[in-house]
Structure formats: C-alpha cells, structure tokens
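Chains as they are written, first to last, in this note's numbering: chain F, 10 to 370; chain S, -9 to 350.
No lab work stands behind these hints: they were computed from the structure.
The beta-carbon is built from N, C-alpha and C at its ideal position, and this holds for glycine as well.
There may be inaccurate statements among the hints.
[As the list claims (entries may be wrong)] Facing chain F, according to a computed beta carbon distance under 7 Å, are these residues of chain S, among others:
#1 ASP52
#2 PRO258
#3 PRO264
#4 ASN313
[Unchecked claim] Which bits of chain S does chain F cover? Going by a derived footprint, with three or more residues having C-beta under 8 Å, they are:
#5 163 to 170
#6 306 to 312
[Stated by the list, open to error] Below, a list of computed lysine to any residue pairs in the SDA-like style, where the Cα atoms sit at most 25 Å apart:
#7 F/LYS117 / S/GLY100
#8 F/LYS210 / S/GLY166
#9 F/LYS117 / S/PRO264
#10 F/LYS117 / S/MET172
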Amino acid sequence: MTLNRRTILKAGAAAAALPLLGSRAFAQGEPLKVGFIYVGTINDNGYNYAHNQGRIYLQEQLGDAVETTYVENVPEGPDCERVLRELAQQGNKLIFATSFGFGDSVIKVAQQFPDVKFEHATGYMKADNVGLYNARFYEGRAVCGTIAGHLSKTGKLAYIGSFPIPEVVMGINALALSARKVNPNATVKPVYISTWNDPAKEADAARALIDQGVDVIAQHTDGPAALQVAQERGIVGGFGQGADMSAFAPETQLTSIIDHWGPHYLASAKAVIDGTWVAGDTWEGLKEDVVQIGPYGPKVTEEVKAAAEAVRLGQIDGSFHIFTGPIKDNTGAERVAAGVVMTDAELLSMDWYVEGVEQPA
Amino acid sequence: MPFRLEKRPEPSRLMQYLTPAAAVALTMVVGAIIFSLIGYDGMGAVREIFLTPLTNAYKWQDLGVKAAPLIIIGVGLSIAYRANVWNIGAEGQYVVGGLAGTWVALATYGMSGPWILPLMVLAGVVGGMLYAAIPALLRTRLNVNEILTSLMLTYASVQLIYYLIRAPWKDPMGMGFPQTRMFAEAARLPTIIPGTIVHLGVPIALLVALVAWFIMSRSVFGYQMRVVGTAPHAARYGGFSENRTIWLAMLVSGGLAGLAGVLEVAGPFQRMVPGFPTNYGFTAIIVAFLGRLNPLGVVFAGIVMAITFVGGEVAQTTIGLPNAATGIFQAMVLFFLLGGDLLVRYRLRRVASTPATGAA
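Please model the entire structure based on the sequences and the hints provided.
Given below as structure tokens:
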C-alpha cells in the first residue's frame, strides 16, 4: 500500500474516532436521534439552561453519532403529550422529559411507542421503556444551609418553592437542618408559587419575604429573579439554583448549586447505541459530579468557606449525610432516631418539615 | 403629521370578510422576512408552522383536540361581543367549569354508569355560567365595567385551583404533587376515533358552532344580540332591555367557556392539575375576532390558531425555531387583522397642513 496524503488522513480520522469505540459501529449508519423537552426556556439561566448544557455536552462528546433536538416551554399537561409524540414520530429513539409534571404524558406516550426509550427527570413512575433519573440536589442545599447559618444576621431564611413535592420539601429540610447546625435559632420560611418559572412571581415573593426580615433566600424555581431582588435590596445573600447565577447578583450570590446532567445524558445515549439500555432509576449527587457547588461569593469568609467545604467533602466521601437523626419535625415530634440515616425511599416520599421550618400556608 | 383617519361612509362588505385571510397571508410573508433577517430559515418557519400541520395527516388529531376548546369558547365570546358585552374572563369561566366537572368526577369516584359524564358536563356549564354571573350582576346592578371584573376573576379562579388541589382534592397517591387523582373510567371523555386522541369534545365543538350560527341568524335572541350591539338606541325603542342582553351575553359566553373547561379536564387532562389554565380563554378572544364574530367563522379561526400552536412545535423540532416564535406569529395575525379592520372602516387621508391660525 502506498502511503499518500489521503490514506494518512483516513488513518488519522480512524484514530480520532477511537475514543468513541462503543459508538463507532453506530456512527457509520444513522445517528441516534435524541430529543429533550424543557418546561421553561433554555435562557432561564437556571434549571432548563442546565439541562440544555447537558444536551450540548452530549452532542459534543458523541459528535456525528447523535443528533439532538429540544423543545422548550412545554406546558405540563396534554400539550406535553403532543410534543412527545411529535419527537417520537420524527425518529427520536431516546427522549428526555426534564420536568416532574411531564410524568402522566411520558407514561401514555411510552405505551404508544414501545421501541422508543424515555427518561423522566425527578419523577416516580417507571415502565419498561421509561427510566428515571434525578440528582441529589439536597446535598447542595446542605452546603448552602451551612453558609446561610453562618452569615444570616436575622436568622430568618426563606425558600421560594414551586410545589410541595418531596423533591422540594427535602430541599427545604436540608437547608433548615444544616443552617440550624450552625445557628440553632435559624428558621426557614417556605413560600410556594405554583410554577417552576415565573420571574415576576419569584421576584414578588422575594420582595415580600425581605420585607418580613428574611436576609437569606434560597429558591427552587428555575431562574435568577429572586437573586436579582436580593442583590437590589442588599440583603445578606441568596443562592444560584441549577447554574451559576453570579452574573445577576455578583455581590449577593453566596454560592450556587450547579446541575451537571451531561455525563448522565452521555451514558444513556451510549447505552442505547450499544443496545444495553434498560429502564434505570439513578439518583446521583456531589460524589458522581452530577451536582456541583459553584464558586463562593465575595461575602463568604475563609472560615465559612472552610465549613461549607467540610460539608461538601463529607458528602463526597460519605462521612456526612444531612438526614442523619435525631431529626424532629416542626411539631416537635421525633421522626428519625439518633444515629439513623433516612433511606432513599423515605426521602423520596418526604411530606413533613423539620424543626425550624414554618408550616407553609 | 398631515394624515387623518376618516370614516368611510359604507365599509366594503367584501373587504370585511377578506381581512382575516389577508391578515394570515400578511403574517406569513412578514414572518418569513423577519425570521430570515434574524438568521433563521424564514420560508421553512412559515412552511412548518402553517402548512406541515395541514399536510401531515398524523397532525390532524392534534389540530382537532387543540381547536375544540378554542372554538367552543370563541363561539360564546363572539355572541357576547356582538352585543357589545366585553367578557374578557373566559379563561376564569373555563377554569371554574373544569373545577365543577372535577368535583362531580371526584364525588362519583368508584361509581359507574353513563350518567356521570352528562352530569359533569352539566356541572361544568353551570359552573361557567355562575362565574360569569358575577361580572353580569356587578355590571347591571352597580354599573361596574365587566372587562375589569371578568379579567380579575380569572386570577381568582387560578388561586381556587391551587387551593383545591393542594388540600381537599389532593391525590392520595401523587407523592405530594398538587393534583387530583386520575378520574375513573366513567368520568373520562371517550375517544371517538380508535387509535387517535380525538375525543367527543371535537364533534361537540362543531355542533356548538352550528347551533350558535343557526340561533344567531334565525332567532329573536340572535336578532336582539345583534341589534343591541350595532344600534343600542334602536334596540331600546324596540323594547330590548339592555340589562337582559348583558345577562344573556354573559351567561351564554360563560356557560360555553365552562363547557370547554369540563370537556378539557375530562378529555385530555383526566385529572385537575396546576397546569390546567392554558390560556384557551384568552386565545379564544383572538379566535372570536379572527372569525368575524360569526360562529362558523370561529370554526375556521379556531383551526388557524390550532395550526400555529401545533406548527410552532414542529418548527421547534425541525428547524430549531424558538418557542417564542409561535407567540410572535399569533400576535402578528391579530395585529394585521385589527389594522386591516381599521383601514376597512376608515380611510387614511392626507391633510393639507394648515398654517397656524390667529398668527396674522
């Protein structure tokens, strides 16, 4: 064989494809079409932005072996069903539904398209072709709560939530437990605004809470609106949720919980390409790098940073679990005995608040 | 500037019927230009939004299901608007209709029988009517503007959903998510074409439009509505009571919005969820005007709006158009329609600029 420029190029291309060994066979044929649906817009700089970053990561990692599509602002209800069918009909073989309220629709459409794999984020209903994936956001909340407990002057923290589902309740409780380890008098006031993404409502809630003396706000909604209000009003601080939001509140963001979905999307897509995908149920956190803690803000002193890092690293090496007893609920009754760690099943059905959390209206 | 709007003595009837079609056509042209200028495939966007839903038979079921509530609410609004009664709160009446139907569905949970669905529908219609009766009462008794009250009651209705599904009606198996349980089989609207999602609400929508058209053009009630709207003084001489007209207009539009609500909750949703208010009540305002306040026109307008919703999703998945594009196209349709209406009724006349008087 004569060595000319063309064969060298070919060899080079083959070598470049080596890291994608698992997908190479597939790449020669049709790319795997992967669909994503988001409940908000990819520009929310939070939750949906983070999912879309995951999609981009997947596309970058697998290149021509995948073709990704997304639909944003999909309402939780029958409209979602139509969008899922649309994606399935256009040949997407792996579809990620990234919001809790998509559950009913995913199950219905999955029955109509048995050869399409679905993965539902933060849900609870599985099927043969419907897997679940979630992140241990509460581990991030424990780091935030530690910082809030140190820095809050009034000891009054607030948590702007969407719906009182276990996912959110768990976050509130993790924030309260960790803050009260530092400041036993700290309280958390939850407010539910019945939506994942409505900057006006999020900002209104933040203003009302600040007027009531709250000086640290956490939010479990998709955008930076509450943080912007916190910055404007000059309170002690708030936290980025889903992504680093320091651009919106450079002085006020104490740190952020960053969702890092890319590796999960990559693993699932590879499994579908290799034919090894099964409906899974993953719940990963700081240790697996699915949840990350963003840079600490300027108000976080070295001492507080050290305390926060201890909580973060403790959760990574497994020496610290925020839901370790004794834990009392907000009526004073003991729910978890000393030394006992709550199980995942208990956490995923959590519908009560720990001591120090005001009962929401 | 030396331009003035001057009322045309006799607006062209032909033009009045042509403006909706012209508005849609202009939207397509201007939309293609705008989206090309900002770097998207403009022609592709128009094709995917306006044509794909029509040419792809698989999409027809979606069009029917999406258009049905728009048509039912739009028909009711067109009757009210004909009588110059401005019910802007159809969304709230739709919500209360859905809640009333949900109440029946939950109260009869565990029972079966063909009477459950009709009872739900009745409850939905009555619920919508009662909710529309509040602005009607305030308007006729205290002369409070119905635009404000009906609109504000919409926000109250959404809070009512949140209250009911968070506490008394919460699904015991829902992992704490604020929603009701799935309705029992007897409380779900049947699909009428097997293998599709087309439910009974779709033919009901067509039937509602036909009946409304017949009543509006052939009955005294329809005559009253039209006369009160176009010539209130003549109507008063003719013995038509203004208050009675307001009541009728609000009850009919509210009842139909309630009907759309109960059909929606029993059909596509099959349970009450926080995402139930989907702005059908507001979109139906565009539908009523695009349909020339004529029940048969509303059918076509409802389908056009459904096309933009369904097509907007197609355009997102195929050419990556952002979701907001759908809203831009819908707004353009309304803008061109209202602009066209203005030019049909008025003419733009250049006025010779007059020198300032009293200077000399």
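Hint check:
Because the closest C-beta pair between S/ASP52 and chain F is about 5 Å apart, less than 7 Å, the hint holds. Using the Cβ-Cβ criterion of 7 Å, the hint placing S/PRO258 at the interface with chain F is satisfied: the shortest such distance is roughly 3 Å. Because the closest C-beta pair between S/PRO264 and chain F is about 5 Å apart, less than 7 Å, the hint holds. Checking S/ASN313 against chain F by beta carbon gives a least distance of about 4 Å; that is within 7 Å, so the hint holds.
Residues of the region 163 to 170 of chain S lying with their CB closer than 8 Å to a CB of chain F number 4, which satisfies the three-residue condition for coverage. Counting residues of the region 306 to 312 of chain S whose beta carbon lies closer than 8 Å to any beta carbon of chain F gives 5, which meets the minimum of three for the stated coverage. A distance of roughly 22 Å separates the Cα atoms of F/LYS117 and S/GLY100; the hinted pair therefore holds under the 25 Å criterion. With a CA separation close to 22 Å, the supplied pair F/LYS210 and S/GLY166 stays within the 25 Å bound.
Restraint check for F/LYS117 and S/PRO264: satisfied, since their Cα atoms lie roughly 19 Å apart, inside the 25 Å limit. Taken as a hint, the F/LYS117 and S/MET172 pair is honoured in the structure, with Cα atoms around 13 Å apart against an allowance of 25 Å.
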